[in-house]
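**Student:** Sequence:
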Amino acid sequence: MAPRVKKEDMLIINRRTGKALQCAGAENGDVAVQAEVNGSDAQLWSPVGTGRTFKLRNKLSGKVLDVVGGGTEAGARAQIWDDVADGHSQVWQWLKVTATYRKLMNTQSGKVLDIVDMREDDGAPAQICDDVDGAGQQ
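In terms of my numbering, the sequence shown opens at residue 1 and continues consecutively.
It is worth saying that the hints were derived from the structure and are not from the lab. Remember, predicted model here, so these are calculated numbers, not experimental data. Warning: the hint list may mix true and false statements.
30 Å max Cα-Cα, derived BS3-like pairs, lysine-lysine [stated by the list, open to error]:
| id | residue 1 | residue 2 |
| --- | --- | --- |
| 1 | K103 | K59 |
| 2 | K55 | K96 |
| 3 | K96 | K59 |
| 4 | K103 | K55 |
Beta-carbon label-pair distances, calculated as ranges [what the hints assert, rightly or not]:
| id | residue 1 | residue 2 | range |
| --- | --- | --- | --- |
| 5 | A99 | G29 | 19 to 29 Å |
| 6 | T98 | E27 | 30 to 40 Å |
| 7 | A85 | E120 | 11 to 21 Å |
| 8 | R16 | G75 | 12 to 22 Å |
| 9 | D121 | G75 | 11 to 21 Å |
| 10 | T50 | D122 | 15 to 25 Å |
Yeah, the Cβ is synthetic: ideal placement off N, Cα and C, and Gly gets one too.
Build out the structure end to end from the sequences listed, making use of the hints.
**Tutor:** Listed below in structure tokens is the structure:
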């Protein structure tokens, strides 16, 4: 997934599908999905924090990218949730793949953001998964 910066906000684009990560709504528990790039606030994310690890705040909801139930197993879905001070499932890190592409790793689980079943359709949910060096994880 390649971060594309627009001021302080960025689009997170899946290398394989060319689709953007977006929140499916603005409430706690709404899933993170992929969708055709449109640059809407639902697709804009900004890193919160300094250093190598950060939280990703969604512009539409004001909530951060999270893993459902603090899950650490492959297949746990990504969602948005209020920023919680001890929310370890909300902390992410970019892993460099190439000069252009990065993987987004959840630091609690050590797993990377991925799209369920390598789906290509709009609305396909995001999950954490073992790193398999796939283009769908970049």
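**Student:** Take the hints in turn and mark each one as holding or not.
**Tutor:** Structure-based check of all given hints:
With a C-alpha separation of about 21 Å, the suggested pairing of K103 with K59 holds against the 30 Å cut-off. Taking the CA atoms of K55 and K96, the gap is about 17 Å. The hint holds against a cut of 30 Å. A hinted pair counts as satisfied when its Cα atoms are at most 30 Å apart, and K96 with K59 qualifies at roughly 24 Å. Restraint check for K103 and K55: satisfied, since their Cα atoms lie roughly 14 Å apart, inside the 30 Å limit.
Our hint of 19 to 29 Å for A99 and G29 is violated, since their Cβ atoms are close to 36 Å apart. Taking 30 to 40 Å as the suggested C-beta distance range, the pair T98 and E27 conforms, at roughly 36 Å. A hinted range of 11 to 21 Å is violated for the C-beta pair A85 and E120, which are about 37 Å apart. As the Cβ distance of R16 to G75 is approximately 18 Å, the hint placing it in 12 to 22 Å holds.
Our hint of 11 to 21 Å for D121 and G75 holds, since their Cβ atoms are close to 18 Å apart. Look at T50 against D122: about 34 Å separates their beta carbons, and that is not inside 15 to 25 Å.
When each numbered hint is compared with the structure, violations occur for hints 5, 7 and 10.
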